[in-house]
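Following the hints, position chain R with the ligand against chain A.
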Amino acid sequence: MSRKVCIIGGATTPFDYGPTGFESIEGGAAECIRETQQDVPEFSLRDLDLMIYSHFSVHFGHQLAPEWIIHDHLGLVGLPHYRVENGGNTGGSALYAAALAIMSGQHNVVGITGWETMDSVSQSQGSEFIAMASDIRYELMVGGIYPIYYAAMANKWMKENKVTEEDVATISVKNKNNAMDNPKAQWYRNEHRYITVDDVMNSRLISYPIKKYDCSLMSRGVAFLLVCSEEYAKKVNPDHYVTVDGMGLSSCTIRAGDRLNNPGWSKRYGPGYPGMTEFAACRCSAEQAYKMAGINDPLKDIDFGEIHDAFSTSEAQIYKALGLADEHTIAKFIRDERTSLQGDIPMNPGGGLLGYGHPVGATGLMSTIECYYQLAGMIPQKHLSRKTEVSDPECGIVNSHAGTGTSISNFILRRH
Amino acid sequence: MVETVVVKNKKEKFADIPVFSEKKEYRPYGVQETGLAFVGHEISEDRSSMNQFLHYDQLYTIRHGWNSKFFIGLLDGKIMGTRCPKCGDSWVPVRTHCWNLNCNLQKTEWMEMPLTAKVHTWTVAGWSGRSSLKRLPIILVYANIGTSKVAMANELHGLDPWDVEFGMPLKIVFKPKEQRIGAVNDFHFEPADSWEPLPMNPEKERIKKLVEPVYEWVKTLK
Ligand SMILES: [Zn+2]
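Heads up: the sequence lines are chains A and R, in that order. Using this note's numbering, you'd call the opening residue of the first sequence number 1 and step up by one each time. Using this note's numbering, you'd call the opening residue of the second sequence number 1 and step up by one each time.
With the rest of the complex left out, here is chain R:
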């Protein structure tokens, strides 16, 4: 005997569906999703070897979910961090649950960080991923923002690459509002107004010598 069960109530939703009312597109010209396509091939003279060219384009949706406040903050020119109400540790990049095992995955609170930071360590890049080549040389620093217990990577602008120093004070500078996209490159670091570089020394000379050909190379890029 089979009993028929009538479901009267709709299943309760795990979460309310967000209503996405603000939408923006800033797709570079020519970017499109074509999916998978074989777009060409080559065959060796002796016809023993073949290479085939497969093009694959994919549009991803990064659902920031509980981390969203940080990325929305960037659009508003703010650095949002999180803080554990139990142990007081705070972070940028954010953690939605505390890292301290004693706090047992305590949910954290949002806090706005001051737009100041301090260099923990640095490097001067003369090579990078395809999308960054034209901006070389790049000074990349890891810096603690506000009270953050962790250091965050970002570019340092506004000084010669050989002048960057450990421990130097920084300010956070955002791009103009209309250029922001809600990603970490909406902002960069610059030296704090009070900061003055040290005079030239052998290490600075060395870095200068290493980056000079990089400036020349970048000029040759289309």
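Chain A with its partners taken away, still in its complex shape:
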């Protein structure tokens, strides 16, 4: 049996678009580590034996190998470092890499620093940069940007699952309103208002059925997560550590249209699956994580989650891929508000990408950090109130998601 992987701390800068007070990536990284040290005073930078950097696009950063600037700035010269890049699942993939490093016994204390500075270009230019992670030979030139691909997938999924525009709008309302309790969230810092389903329905068309308020935010932000062996966790933070009991990582086609009739998936899940509607890599990586963590019924065994709501529609699709509902129950599952803070499996109490923001390389780390805070009982000190605290959670799921569902990871975290 391999070694246990623990999370003992982490923090983000505020996520924002434009000036945040944390303009330099190396300064932001330093402040995230300082906040972690306030929570875990026994943790010293000298204890790190590996730093993994989580960053999506140098197009946004106007600097190749920008992790070298951060690493140097943190005074970590000599410490091994490398960067993980895996689209929107960069943060999840970096956590996967850190966990492997601990499990193997090669490393004991691994930091992960993630960031993105998407406001260094205009919004529409930014959309085009992100779209360069589609197959540019075939998709970029036909008006293709990610919301359009997601809309085409969601439109068919919603019809097949009898989920309405209003249904998915409730997800956006939930996450953005959760973010109103989170001072680091971009929605709190900018729009700063509680919204209704009508607000979502009346917001500008992005690509039918997705409107402006169904979309996550382009962001600037940095995050730091501290991952370690159980031995180290017991030494420096014995009362507030969580264990990564399950993890999974899976992949799907880069072009969503290539998922029809794909022989790999047909063999595993039957002909026709996933089509252009289901996130097969989410289902597959969740199955791996559930098996590893001994989860038989995710709805019963998992208390809450921080999942990759790049769009309100994708959060709904993820519910199904995680096995929380099927085609017959998904619409009711959403309408019964099972994932609100009053529901039996709250999702994105931290605000999610829709509310907290989506600085790609930092996003999966932000989700993990929020999940960690809930399990470690730190919400009262990190959020503005206890309104967004999940009551007595023992088990949370973290989900990180890339491309059009092209790479997806899931992690099961448990309170120790």
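Simulated from the structure, these hints should not be mistaken for lab results. Treat each hint with caution, since some may be false.
Unchecked claim - Here are a few chain A residues that sit away from chain R, every Cβ distance over 10 Å (derived from the structure):
#	residue
1	Ser122
2	Ser229
3	Thr277
Stated by the list, open to error - Here chain A is said to cover these stretches of chain R; the calculated rule only asks that three of the stretch's residues, wherever they fall, bring their Cβ under 8 Å from a Cβ of chain A:
#	region
4	18-32
5	150-156
6	169-180
Where a beta carbon is used, it is the ideal one built from N, C-alpha and C, also for glycine.
Using the frame of chain A, we list chain R with the ligand on its own:
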């Protein structure tokens, strides 16, 4: 003792160097490669914060290599697909090796696809990347072309955005030859001649309501 080895034969080339005899330039006016240049800055009133503007232009060469036949086909008004001689699967967008693991990366054969397709799924875009804003609203469909096992994304023209339907039959229409550039926007989809839209319904009304402000917004673009 050091032995001298005389290399008599030139190293064999991995591939013949193609002779590029047909060249075309359709660079929009004003596009040039200036490389990296700092082009300005701004400083806050209290002089505590500075932003600097870096301009970076780069000309890329996309070497299509073994995929070239597809893009050359576009210039000729043809949709070229590939087909696996072992399992028979065929594709547009093309694969030069079969996706079926049982076929063990079997090299595929080129085939010309018919200029017909069928909508798999669709969306109506009211926002897009910088280079597409003026064409909004755009109907984007994923459609299976000919016998292709996969669906390809492209724009659907020739109907009101609210009239697009799942499963509708399409034809492929190319731009006039002199406007083609060997990219996927050399063609678009249009409804097949036999197709008639369904009458208005609540969903169509909803889409109509959502796209009307988009038409107005596009008029305000320079
Ligand atoms: Zn084959």
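Taking the hints in turn, this is what the structure says about them:
Look at A/Ser122: its CB is around 7 Å from the nearest CB on chain R, not clear of 10 Å, so calling it non-interface is violated. For A/Ser229, the non-interface assignment is confirmed: its Cβ lies about 37 Å from the closest Cβ of chain R, beyond the 10 Å cut-off. With 10 Å as the threshold on Cβ separation, the claim that A/Thr277 sits away from chain R is violated: the shortest Cβ distance comes to roughly 8 Å. Coverage of the region 18-32 of chain R by chain A is violated [criterion: at least 3 residues with CB-CB distance below 8 Å; count 0].
Here's how the region 150-156 of chain R fares: 6 of its residues keep a CB closer than 8 Å to some CB of chain A, so the rule of at least three is met and the hint holds. For the region 169-180 of chain R, the stated coverage by chain A is violated: 0 residues have a C-beta nearer than 8 Å to a C-beta of that chain, whereas at least 3 were required.
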